[in-house]
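Q: Given next are the chains, with one letter for each unit.
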Amino acid sequence: MNFINAMQQTGNFLKRLQSGTPQRALFVGIVLTIFAVLGAMIYEREQILASPTRVMLECEPVDPRSILSGDYVILSYKISEFVGEEIDRLNVFNEDVRTDEWIYVALREQPGTKKPHTAAAFSKDPDRLRADERFADAILIRGKAVNSSGVFSDGPDLTLSAPERAEVDAYRYLELEYGLESYFVPQREGLWIERELAKATVSVAVGPEGQTAVRDLFLDGEKVVFY
Amino acid sequence: MFSRKTSSENFRQSVFIERMASELPRLVGLGMLEQSQADRIAAFYEREAAENPELSGNSEQSAQAENRAALQDRLLAIVICVAVLLIGLGVILFYSAIWKSMSPTVKLVQIFAWLSAVFAGAYGCLFHWRLPLTGRGLSLLGMLGFGAAIGLISQIYHISSEPATGVLVWMLGVFALSFVLREKAGYFLAAALLYLWNSWVTNWDDPEQLNANYALIPLTVLLGALFYTHERRSPTGLCIAIGFGLMAAYQVSVAWLLPFMQRAGEFYRVDEAGVAAAEQALLAAAVVFTVNVVLIGVILRGLGLIGMRLANRSQTTPEASETPADSQALALRVPAGLLRLLGWLHVLLPLSLITWPLDFSLLGGPDTAGAGSPALYPGVLPAIFASPAALPDIGWLLALTALWLAIGVALLIYARGKLTFPLQPAATVIVGALLLLVWPLGIDAAQLSAGYVLLFLVLGIWLVAVLRRGSQELGRLERGLFVGFVLLTLFSKAFGLLFMGIESDQFLVAYGAGFLLFANVIYLIVRYAGALNPATAGSHVIWLCDAGVAFTVYWMLYALGFVPDQQSSIWGARPIVLTLIALLIATALVLYALLIRRGGLTLPLGLSALVSGTAILALVAGGPWLPPAAYVVFFSLLLLIFVGAMLVYSIRIASVALANTAIAGLVLLILTRYFDLAWDLLSGSALFIVTGLLLLVGGYFLERQRRRLVDTIESQEAGQ
Chain A
1 MNFINAMQQT GNFLKRLQSG TPQRALFVGI VLTIFAVLGA MIYEREQILA SPTRVMLECE
61 PVDPRSILSG DYVILSYKIS EFVGEEIDRL NVFNEDVRTD EWIYVALREQ PGTKKPHTAA
121 AFSKDPDRLR ADERFADAIL IRGKAVNSSG VFSDGPDLTL SAPERAEVDA YRYLELEYGL
181 ESYFVPQREG LWIERELAKA TVSVAVGPEG QTAVRDLFLD GEKVVFY
Chain B
228 MFSRKTSSEN FRQSVFIERM ASELPRLVGL GMLEQSQADR IAAFYEREAA ENPELSGNSE
288 QSAQAENRAA LQDRLLAIVI CVAVLLIGLG VILFYSAIWK SMSPTVKLVQ IFAWLSAVFA
348 GAYGCLFHWR LPLTGRGLSL LGMLGFGAAI GLISQIYHIS SEPATGVLVW MLGVFALSFV
408 LREKAGYFLA AALLYLWNSW VTNWDDPEQL NANYALIPLT VLLGALFYTH ERRSPTGLCI
468 AIGFGLMAAY QVSVAWLLPF MQRAGEFYRV DEAGVAAAEQ ALLAAAVVFT VNVVLIGVIL
528 RGLGLIGMRL ANRSQTTPEA SETPADSQAL ALRVPAGLLR LLGWLHVLLP LSLITWPLDF
588 SLLGGPDTAG AGSPALYPGV LPAIFASPAA LPDIGWLLAL TALWLAIGVA LLIYARGKLT
648 FPLQPAATVI VGALLLLVWP LGIDAAQLSA GYVLLFLVLG IWLVAVLRRG SQELGRLERG
708 LFVGFVLLTL FSKAFGLLFM GIESDQFLVA YGAGFLLFAN VIYLIVRYAG ALNPATAGSH
768 VIWLCDAGVA FTVYWMLYAL GFVPDQQSSI WGARPIVLTL IALLIATALV LYALLIRRGG
828 LTLPLGLSAL VSGTAILALV AGGPWLPPAA YVVFFSLLLL IFVGAMLVYS IRIASVALAN
888 TAIAGLVLLI LTRYFDLAWD LLSGSALFIV TGLLLLVGGY FLERQRRRLV DTIESQEAGQ
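Chains as they are written, first to last, in the numbering used here: chain A, 1 to 227; chain B, 228 to 947.
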């Protein structure tokens, strides 16, 4: 292999590509692609938001350190993190979950109440959850495991005493992100919302594959409107 | 890029016509052209020059016009840059102010309208109105606007998942537009976005979650190729691409290493066998990683030398960047130098590290030798293949080692016969690195012996290459780096061993004497490399290495003159110590034999033999039976002989600098010894008075002696 010639030939190829292509047409083509990409982003969101499937999620307070110039609020949900026994209860198919894997959480309304949805089960396989009649009435939403202690298939260690198990359980965790963790607000409106997060709920539109989009934010049941 | 001919193109054309006119008679003379053809060519260009007055001026006028045009272009570029910045800021401030009162639909319409206007303006300026600079400014604004649009849509729809994807899409858009418009500023913007995107997807801020971003590899190649092929090649851009390349190589290595390390960590929790397995696994991982680092270094240096070769080959004039081709060639020099520097660091830093023990209790004696030291392991590769459980985890890292090896060897094969520099150093480093994989690590004696042998081999072979005539491609950079590395090795060994000696207390003399033997070997290697290249006997490389050895030996002898406590016998230390001493003595003996065969016994060679022989004597005979004062006398005497011999040698080689240095060393020795010994004997005030008088007398005699030495040297120089 003649390395220098190979480098020069690559360079010449790029130059030929630049000089041989119709510059104007390419410029217009790329600009149109840019608009198409932006349009696709909007279309995809609008599709989810138009879905009739909705869930209401309860927020949890978080440290206000995540505010960036006060123009967005970090949202954390009751279903964002599962620990110890909660994992054993929800992991109905005894699966191991590693970081960066997609997880589907089955959400169910609390019967007879208008309270937010709660998690009934999770699995890496949405079809298996849908096929299980125990979760026939549940709505599936998709999240990504951003931090996982990994092995859950063993279940709880029943040989341990309750306090010992509690200690071990602290090291069994699963942290999920649904793409619902940011709520953008006008400048300087973020702090007071973050202070009130314990009373917040979020209305979420759910697409057919479990994709989600934030619709509205509620504080004490009242919709927050900025314009 | 644009149809209008710029003044710089006219200038180049006029220079070409002038050069053509002067070249034509020569080409006719060489028989390459008929006179009639030459006349027709000359007539053609004369006609063209007559049609275009800008081409017919003399070169001075053309240059002035060119300068004026360049100045105007630059001013215009600055104005447009400021305009783009102001507009960008204004737009951001405007949106900040009214954002709250706009509905999402209005916001989206505004974004699209604004972006459309910018791109339409860029298109008009570039392709219709012949305003290239304004067009470039607007297209850059459009590239920035694309990112802003992605951010604003994410904001409107509260999209928080996969923010890195947004940056990736933005970067690809910037890449595409910059490629079509050949916009260098766009390439830099794309590079910044590439860094941002890569940091995001690889989780650099959390090493436990680190991922390998394989897409970085083709994108780095693309970025490098774009900076390389640009009509104004950018050294900064190429250096940035090199940085990305290195980042890609390391993030893949580290991401493949981490699972293995984490698994090794899990072994610790099992039992004692688990701890041994974990140590073995961690050691294996560390060795494979080190081998990868060294091989990457060989590749980097090889690419740097090829880059330098490419620059030299493309350059048409010897010095200045007179033609665009020369500018393009010169732009390769900086990245080529960076590659070579990085290559050196990759090879030499691991090399200097493997000459240190894994634990610092080598001289702790047989009783403590077992505590905390790793178990006996076979070579890393045999260990990995003997334990199939470990193989899946580290297999990819080994595959990467094979890849680096293949690239390194391919570069060597390519370089054979094409580049003028010798290939032995790189070949030695590759072989040495591969030996590490099968060397029985974990046994300190084997690890350290191998480390020292490799260090001496690489130093020797590299020095021969650096000094060799005809290896101009290695240049000043490599010579400087070589000297820097020798000095670093000497100083780090001197201070490191002294520190270990002070820590161990009763082995201070042993560590110090060990350093004297080590420095002697370095000195002999430098001498022998010099002897193989007689034409470079006075080279600065040799001179600086010698000075480094002399300086560190002086300080070590000086430090050994202050031995405070009773010393233990070297025979009570661990076998590794004796192995290393034997290795250093054997290496020195071989080098003495080679040097004496070439040039006989010289004074410096005799002095080095004396110092190392005395060091061996101190090592062998030292022990609890000798009082500390004996060492003081012994090493002070040796230091006196050392400085005295340097003085004699300075006269022989007629070096005033060496004479002055030796005298300064002598003064320092006498003064400190005097204070050390006499403080207890005299009261404070009497000591100062007597010292002052003694200094006056001593200074008088020393100055007379120095004057005589300098006169002798000057008369010798005058006689030559």
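Worth flagging that the hints you see were computed from the coordinates, not collected in a lab. Even for Gly, the Cβ is constructed at its ideal location relative to N, Cα and C. Treat the hints with caution; some may be incorrect.
[Stated by the list, open to error] Just so you have them, the derived chain A footprint on chain B, three or more residues with Cβ under 8 Å: (1) 307-318; (2) 447-459; (3) 809-823; (4) 843-854.
[Stated by the list, open to error] Counterexamples of contact, computed for chain A against chain B with all Cβ distances above 10 Å: (5) Lys15; (6) Gln23; (7) Arg24; (8) Val37; (9) Arg45; (10) Tyr72; (11) Asp100; (12) Glu167; (13) Gly179; (14) Ser182; (15) Leu197; (16) Ala198; (17) Ala213; (18) Gly221.
[Said to hold, decoys possible] One side only, chain A facing chain B, incomplete, derived with CB under 10 Å: (19) Ile48; (20) Phe93; (21) Asp96; (22) Tyr173; (23) Glu177; (24) Val224.
Q: Check whether three or more residues of the segment 843-854 of chain B sit with their beta carbon closer than 8 Å to a beta carbon of chain A.
A: violated (count 0)
Q: Since A:Gly221 was said not to touch the interface, does its Cβ keep a gap of more than 10 Å from each Cβ of chain B?
A: holds, 20 Å
Q: With 10 Å as the threshold, tell me whether A:Arg45 passes as away from chain B on beta-carbon distances.
A: violated, 4 Å
Q: Determine whether the non-interface label on A:Tyr72 survives the test: each CB of chain B must be over 10 Å from its CB.
A: violated, 8 Å
Q: Is the Cβ of A:Ser182 farther than 10 Å from every Cβ of chain B?
A: violated, 3 Å
Q: Minimum Cβ distance from A:Tyr173 to chain B below 10 Å?
A: Hint violated; A:Tyr173 Cβ to chain B Cβ min 14 Å, cut 10 Å.
Q: Tell me whether the statement that chain A covers the segment 307-318 of chain B is true, taking a Cβ distance below 8 Å and needing three residues at minimum.
A: Three-residue rule not met by the segment 307-318 of chain B, so violated; n is 0.
Q: Do three or more residues from the segment 809-823 of chain B put their C-beta atoms closer than 8 Å to C-beta atoms of chain A?
A: violated (count 0)
Q: Does A:Gly179 clear chain B by more than 10 Å, comparing its Cβ with all Cβ atoms of that chain?
A: violated, 3 Å
Q: Hey, is A:Val37 genuinely clear of chain B, shortest beta carbon separation above 10 Å?
A: violated, 6 Å
Q: Does the claim that A:Leu197 lies outside the interface with chain B hold up, using a Cβ gap greater than 10 Å?
A: Nearest chain B Cβ is 15 Å from A:Leu197, so the label holds.
Q: Confirm or reject: A:Ala213 is not an interface residue toward chain B, with every Cβ-Cβ distance exceeding 10 Å.
A: Non-interface label fails for A:Ala213: nearest chain B Cβ at 6 Å, not farther than 10 Å.
In terms of the numbered hints stated before, the structure departs from hints 1, 3, 4, 5, 6, 7, 8, 9, 10, 11, 13, 14, 17, 20, 21, 22, 24, listed from lowest to highest.
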